[in-house]
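In the working numbering, the protein residues as written are 20 to 806.
Among these hints, one or two may not hold up.
Unchecked claim - Derived DSS-like pairs (lysine-lysine); straight-line CA-CA distance at most 30 Å:
#: 1; residue 1: Lys610; residue 2: Lys660
#: 2; residue 1: Lys391; residue 2: Lys610
#: 3; residue 1: Lys193; residue 2: Lys87
#: 4; residue 1: Lys325; residue 2: Lys403
#: 5; residue 1: Lys771; residue 2: Lys713
#: 6; residue 1: Lys740; residue 2: Lys725
#: 7; residue 1: Lys286; residue 2: Lys316
Stated by the list, open to error - Ranges of calculated distance between the beta carbons of each label pair, as one might list FRET restraints:
#: 8; residue 1: Glu268; residue 2: Glu385; range: 54 to 62 Å
#: 9; residue 1: Glu42; residue 2: Gly253; range: 46 to 54 Å
#: 10; residue 1: Glu467; residue 2: Leu559; range: 19 to 27 Å
#: 11; residue 1: Lys566; residue 2: Leu649; range: 51 to 59 Å
#: 12; residue 1: Gln281; residue 2: Met22; range: 52 to 60 Å
#: 13; residue 1: Glu666; residue 2: Ala190; range: 56 to 64 Å
#: 14; residue 1: Gln281; residue 2: Asp186; range: 16 to 24 Å
Hints listed in this document are in silico derivations from the structure and should not be mistaken for laboratory results.
C-beta atoms are modelled at their ideal positions from N, C-alpha and C, and glycine is treated no differently.
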Amino acid sequence: FEMLGNFSFGDYFKHDAIRFAWEFLTVNCGLPAEKLWVTVYEEDEEAADIWLKEVGVDPSRFSRIGDKPGGKQYESDNFWAMGDTGPCGPCTEIFYDHGENIWGGPPGTPEEDGDRYIEIWNLVFMQYNRDKDGSMTPLPKPSVDTGMGLERLAAILQGVHANYEIDLFQALIKAAAALADSDDLENASLKVVADHIRSCAFLVVDGVIPSNEGRGYVLRRIIRRAIRHGHKLGIKGSFFHKLVGPLVEQMGEAYPELASAQAQVEKVLAQEEERFAETLEQGMSLLEEAIASLSGKVIPGETVFKLYDTYGFPVDLTADVARERGLTVDQEGFDQAMAEQRARARAASQFDVDYGEGLEVVESSEFSGYEKLDGSATVSAIYKDGTAVDALEGGEKGVVVLDTTPFYAESGGQVGDTGLIAADGGTFEVHDTQKNGAANVHMGLVREGGRLAVGDTVSCAVDSTLRGDIAAHHSATHLLHAALRQVLGEHVQQKGSLCSAERLRFDFSHFEAVTAEELARVEALVNEQIRANLAVNTDLMNPEQAKEAGAMALFGEKYGDIVRVLSMGDFSVELCGGTHVGRTGDIGLMKIVSEGGVAAGVRRIEAVAGARALAYLDQGERELAAIGALVKGGRDDALAKVRQALERSRALEKELEQMKAKMAASQGSDLASQAIDIEGVKFLAARLDGADPKSLRDTVDQLKDKLGTAAVLLAAVNDGKIALTAGVTKDATDRVRAGDLLKQVAEQVGGKGGGRPDMAQGGGSQPENLDAALSAAAEWVRETLTS
20 FEMLGNFSFG DYFKHDAIRF AWEFLTVNCG LPAEKLWVTV YEEDEEAADI WLKEVGVDPS
80 RFSRIGDKPG GKQYESDNFW AMGDTGPCGP CTEIFYDHGE NIWGGPPGTP EEDGDRYIEI
140 WNLVFMQYNR DKDGSMTPLP KPSVDTGMGL ERLAAILQGV HANYEIDLFQ ALIKAAAALA
200 DSDDLENASL KVVADHIRSC AFLVVDGVIP SNEGRGYVLR RIIRRAIRHG HKLGIKGSFF
260 HKLVGPLVEQ MGEAYPELAS AQAQVEKVLA QEEERFAETL EQGMSLLEEA IASLSGKVIP
320 GETVFKLYDT YGFPVDLTAD VARERGLTVD QEGFDQAMAE QRARARAASQ FDVDYGEGLE
380 VVESSEFSGY EKLDGSATVS AIYKDGTAVD ALEGGEKGVV VLDTTPFYAE SGGQVGDTGL
440 IAADGGTFEV HDTQKNGAAN VHMGLVREGG RLAVGDTVSC AVDSTLRGDI AAHHSATHLL
500 HAALRQVLGE HVQQKGSLCS AERLRFDFSH FEAVTAEELA RVEALVNEQI RANLAVNTDL
560 MNPEQAKEAG AMALFGEKYG DIVRVLSMGD FSVELCGGTH VGRTGDIGLM KIVSEGGVAA
620 GVRRIEAVAG ARALAYLDQG ERELAAIGAL VKGGRDDALA KVRQALERSR ALEKELEQMK
680 AKMAASQGSD LASQAIDIEG VKFLAARLDG ADPKSLRDTV DQLKDKLGTA AVLLAAVNDG
740 KIALTAGVTK DATDRVRAGD LLKQVAEQVG GKGGGRPDMA QGGGSQPENL DAALSAAAEW
800 VRETLTS
């Protein structure tokens, strides 16, 4: 539910905060003082005096709340702390009395859990800092955190008791009830659905897309819980997204961004519903079976894990259902099963250990590569095989740390620089640069005949060609991100990237495949900015200034006190520590190579820029010319020529299939005379070498029609591979099954197969055993029919 907050950091404190709260509730909202109840922490005499002596609250409607019985000091409903250490302080709360007709007692009494007295206001007075030893030090600038429940206050002002009775939720509940064809507006599932549509819609508007991690996973869980409650209501098919419209009617005026994003929200929710529908139906059925067979009150961890691992049924939904049935979940058993699966996955992994894994560099280095690609430095440390050494000899691999370096270390998706570090005694080839602690570490080897030692003065030279290609791809990535947000919507957020000399890869949140038309618009928009030759500027500022400048940050990323804000005109403004071109025109060109999905709600675009883009287009031109030559055409008419060739090919394939069918029919007629009678069933086992699986199947059907009650097995050998097809007429499947017949032949020729009782297909890899297997089939049929 919606919490309205107000904060004071080092400004007003208890006197003003209490007065503001009381004035708002009793004057602005018109609540009678005799319906309000106030609590304070029992040791907070200052707050108590303000309420009783200055505000004049009735002492009979005032409580002091102490520490919980058996708990630690300050462990109280009226004392707030962010953790075992850090800012903390007492609280004062205001409750509303809904009247004697509702059960419950004032706060602090044994009946406080009733619904008569409902908290509507909370003032947290952050006035102490708690140290590890538990000592409390007064803060130099005490602060106030105000919290007021919007729906709770709305319920009071609308003359109802529960949040779900206010006009907002009643409209949503009625809309959900209409979808469920129900008139029971008190159904708890309707309330869950009404609450969840609001949560989900606003998350999507805020740019969150259903996924398996972070905020996306929270959204996915809420959607799936709502869908399950719709399932409980008996709603068939997708329904949840249909509640976005009623929500917009209620809240669109106050939140215009919700109304403008309605179509997008509906699409996201509808796709998630469709994705989860089959899982829910199957999972609920299996869960119901498991619950019905329980002998106790605990759903075994193995059952929970099987539902999750095999059928994709979320653990939290299993726990949700369990709670409703008065059951619990064996979480420990589930965790054990999950750990065993992970161990199996690790054992099956074939990946090698990362280069430099486990290396802990204590030295630091200063990066100078924004301004220049060369410079002098001093070798401050060298590591070989994870151990600090004094020097590297010719041919030896290792890690070199410099006091200052122009080499960019891999970060933010941009790969590390390569180049040379030269000393009087030898040259070190830098194959990669990585971050390790506060240092940029250079990985590579000393050229034969050389030597590099700690303390050497060296000259550095970054490979400028590769750095230029990397910078072009990195800058193009920023333009691509901005263009995607313009074309697809502001819900697009970066989910990963790679900027190398060869290409760029950009992962982003989006709920469906990007159409060819949308990709074309994105590409055109990026190249338009490249042609505009926008200035690429970098400014250093604190995070708040960056936010005010409109810089886009990545959710979940940590930023320091000073950040680099990269802007390309007013088209793209992002936080970025990478290296870039001087002007967008330096990129030259960007060409999208591919687009596809990499995870639920995450898409990936790969593209090339600069010289790589030109090379990509040049390769395409050469291949197009070669294709034109193959079809006896040129570049301009290659498409038409290829289309003609394909149409001719399809016509020939159709003609070939017809010829094969005629040949199979002809052979089938000849084969019918070879059938033998076994216990009233006509049986035929024969070879039709050269026939494809479809021709075999058609021929089996024809033979079944000709022979009446029959069992037929046909085989064909093509390029050393055996194709098998077995068929049994419907009136004989109770005596002999096509799948069993085919299986016993397939096993003799090194193969397998299966199918329905009346039709089965398979194959084998030992044609030398085929004739013997076909000969033995008749005896197997005889034994089967007489057993």
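Status of each hint after checking the structure:
1. Distance check on the hinted pair: Lys610 and Lys660 sit about 26 Å apart at the alpha-carbon level, within 30 Å; holds.
2. A distance of roughly 28 Å separates the Cα atoms of Lys391 and Lys610; the hinted pair therefore holds under the 30 Å criterion.
3. Of the pairs offered as hints, the one joining Lys193 and Lys87 is violated, with about 42 Å between alpha carbons and a cut-off of 30 Å exceeded.
4. Only pairs whose Cα atoms come within 30 Å are accepted, and Lys325 paired with Lys403 is rejected, the gap being roughly 46 Å.
5. Distance hint between Lys771 and Lys713 is fulfilled; the C-alpha atoms sit about 18 Å from each other, no more than 30 Å.
6. Of the pairs offered as hints, the one joining Lys740 and Lys725 holds, with about 29 Å between alpha carbons and a cut-off of 30 Å not exceeded.
7. Between Lys286 and Lys316 the CA atoms are separated by roughly 40 Å; this puts the pair beyond 30 Å, and the hint is violated.
8. Restraint check, Glu268 to Glu385: a C-beta distance of roughly 59 Å satisfies the suggested window 54 to 62 Å.
9. Taken as a hint, the range 46 to 54 Å holds for the pair Glu42 and Gly253, whose Cβ atoms sit roughly 49 Å apart.
10. Between Glu467 and Leu559 the Cβ separation comes to about 43 Å, which falls outside the hinted range of 19 to 27 Å.
11. Checked against the hint of 51 to 59 Å, the C-beta distance between Lys566 and Leu649 comes to roughly 57 Å, which is consistent with it.
12. Look at Gln281 against Met22: about 25 Å separates their beta carbons, and that is not inside 52 to 60 Å.
13. For the pair Glu666 and Ala190, the supplied restraint of 56 to 64 Å holds, since their beta-carbon distance comes to about 58 Å.
14. Gln281 and Asp186 have their C-beta atoms about 20 Å apart, which keeps the hinted 16 to 24 Å range intact.
Hint compliance for this structure: hints 3, 4, 7, 10, 12 are not met, and every other hint is.
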